[in-house]
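Please take these sequences and the hints and turn them into a complete structure.
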Amino acid sequence: MKQRLFTYGWLLSVNLFISTFTFGGGYVVVPMIRRFFVEKKQCFSETELMNMAAIAQSAPGAIAINLSALAGYRTAGIGGAFISCFAAILPPLIILAFVSAFYQSFISNPIITAVLKGMEAGVAALMVDLIIDMCTLITKQKSMLLTAMVPLSFLAAFCFRINAAIILCICALLSVLHIVWQRGNSQ
Amino acid sequence: MSEIWVVFFTFLKIGMMSFGGGYAVIPFIQSQIVSQNGWINETVFTDIITISQMTPGPLAVNTSTFVGLQVSGFFGALAATIGCVLCGTLLSLGLYRFMKAHQSSVYVMEVLNALKSASLGLIISVAGTIVLSALCDGEVFNQSAWKLPALTMFVLLLAALRKWKLHPILVMGISGVIGLLVYQ
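So the sequences go chain by chain: E and D. Sequential numbering of the first sequence, starting at 248, is according to this note's numbering. Sequential numbering of the second sequence, starting at 96, is according to this note's numbering.
Read the hints as simulated data drawn from the structure, not as lab findings. A hint or two may mislead.
20 angstroms max Cα-Cα, derived EDC-like pairs, lysine to aspartate or glutamate [said to hold, decoys possible]: (1) D:LYS260 with E:ASP380; (2) D:LYS258 with E:ASP380; (3) D:LYS195 with D:GLU205.
Derived Cβ-Cβ restraints for the label pairs, each shown as a range [stated by the list, open to error]: (4) D:TRP100 with E:MET248: 31 to 41 angstroms; (5) D:ARG257 with E:GLN289: 17 to 27 angstroms; (6) D:PHE193 with E:ILE359: 37 to 47 angstroms; (7) E:THR294 with D:LYS260: 15 to 25 angstroms; (8) D:ALA196 with E:ARG430: 16 to 26 angstroms; (9) E:LEU384 with D:ALA196: 15 to 25 angstroms; (10) D:GLU98 with E:LYS288: 40 to 50 angstroms; (11) E:THR394 with D:PHE170: 42 to 52 angstroms; (12) E:LEU384 with D:HIS262: 17 to 27 angstroms; (13) D:TRP100 with E:LYS288: 35 to 45 angstroms; (14) D:GLN148 with E:ASN432: 43 to 53 angstroms; (15) E:ARG430 with D:TRP259: 41 to 51 angstroms.
Here are a few chain E residues that sit away from chain D, every Cβ distance over 10 angstroms (derived from the structure) [to be verified]: (16) LYS249; (17) GLN250; (18) LEU252; (19) TRP257; (20) LEU259; (21) SER260; (22) THR322; (23) GLY431.
Idealized CB from N, CA, C, for every residue including glycine.
Laid out in structure tokens, this is it:
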């Protein structure tokens, strides 16, 4: 019981912390979760984190919130998921409540603008770092189809602006067809 | 039906339909909030996007809080935010449990692997937009748009990340302080 409460407390504080520092879009949550859950506490493995990230991305809604809920669930069951989710939405809720009261002066504040402009470069570096690691994990599987899906989904999303749901569905369908085809061949 | 329920269901719908996250969902949120319900006007919506970039947290959550506050105060914000995240988290948990329960199935594992590859592609696409906007405001072919301080900082931080595995929060802190020194 004590152990359980301790885990809940840890989940609450770590998610509050992560959520407060997640500037520049939800994907920065992935390296954050890796740092706290995989490297520090060893709650689950890197591969499992990538599975969770894929699921969080495939479900609708914000990837940051979905991933927090999954990491909490994996660590401490449904209660953990609830606490993590709560802790993930609390900081933006409070900050936005403050900001919305005087947002005109907030937007035009030169100090805030300068800090955020600097942070853009930090977010960019974090994302590229994450992508290099993820690419290594995927090419390790030594599957032509799975490796080829990465640049193809990128092109579909970046150049042709195809909806993410459609890209995810097509890739899932292709993988099923691939297995069916492989099984047909081996018989 | 009270206003709070309308807010809740509208954001439930937004949460349900927003695949891909981030900037891909802006047009849908806009159509629901600005055109259909008229809760805020076009200018305020653009302001929310700016604020969202300046504050932590996902765009959809920030928008829901902001709009909820404007329409019916604190409880409106709460209803909007819960509506916005409910569907995605429940579906994530369901999908995760399903994948766990069928780990031995070749089909399920291969679909999961395909989803991993596809989401990496999607992440690269988002990262592309972020990197280009940070380094040259998205104007790749305009030489004068390239920002030397940002480019230097990006290269150095990335090298440091690869070599020493810096803490993400440290990276945000460093880049924020340098931004303050360079851009102010």
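Distance restraint hint 35 to 45 angstroms, applied to the beta-carbon atoms of TRP100 of chain D and LYS288 of chain E:
With Cβ atoms ~40 angstroms apart, the hint holds.
Take the C-alpha atoms of LYS195 of chain D and GLU205 of chain D, compute the straight-line distance between them, and say whether it is at most 20 angstroms.
OK: LYS195 of chain D and GLU205 of chain D at ~13 angstroms, within 20 angstroms.
Measure nothing beyond the straight line between the CA atoms of LYS260 of chain D and ASP380 of chain E; if it is 20 angstroms or shorter, mark the hint as holding.
11 angstroms, holds
If you check the beta carbons of ARG430 of chain E and TRP259 of chain D, does the distance land in 41 to 51 angstroms?
The hinted range 41 to 51 angstroms holds for ARG430 of chain E and TRP259 of chain D, with Cβ atoms some 46 angstroms apart.
Take a quick look at GLY431 of chain E and tell me if its Cβ sits farther than 10 angstroms from every Cβ on chain D, holds or violated.
14 angstroms, holds
Minimum Cβ distance from SER260 of chain E to chain D greater than 10 angstroms, as the annotation requires
Label holds. Min Cβ-Cβ 14 angstroms, cutoff 10 angstroms.
Is 15 to 25 angstroms right for how far apart the beta carbons of THR294 of chain E and LYS260 of chain D are?
18 angstroms, holds
Range hint compliance [Cβ, PHE193 of chain D to ILE359 of chain E, 37 to 47 angstroms]:
Taking Cβ atoms as reference, PHE193 of chain D and ILE359 of chain E lie about 43 angstroms apart, which means the hint holds.
Between the beta carbons of ALA196 of chain D and ARG430 of chain E, is the distance compatible with 16 to 26 angstroms?
22 angstroms, holds
With d taken as the least Cβ-Cβ distance between LEU252 of chain E and chain D, does d exceed 10 angstroms?
22 angstroms, holds
Is it true that ARG257 of chain D and GLN289 of chain E lie within 17 to 27 angstroms of each other by Cβ?
22 angstroms Cβ-Cβ, so the 17 to 27 angstroms window holds.
Range hint 17 to 27 angstroms: satisfied by the CB atoms of LEU384 of chain E and HIS262 of chain D?
21 angstroms, holds
The earlier numbered hints are all upheld by this structure, with none contradicted.
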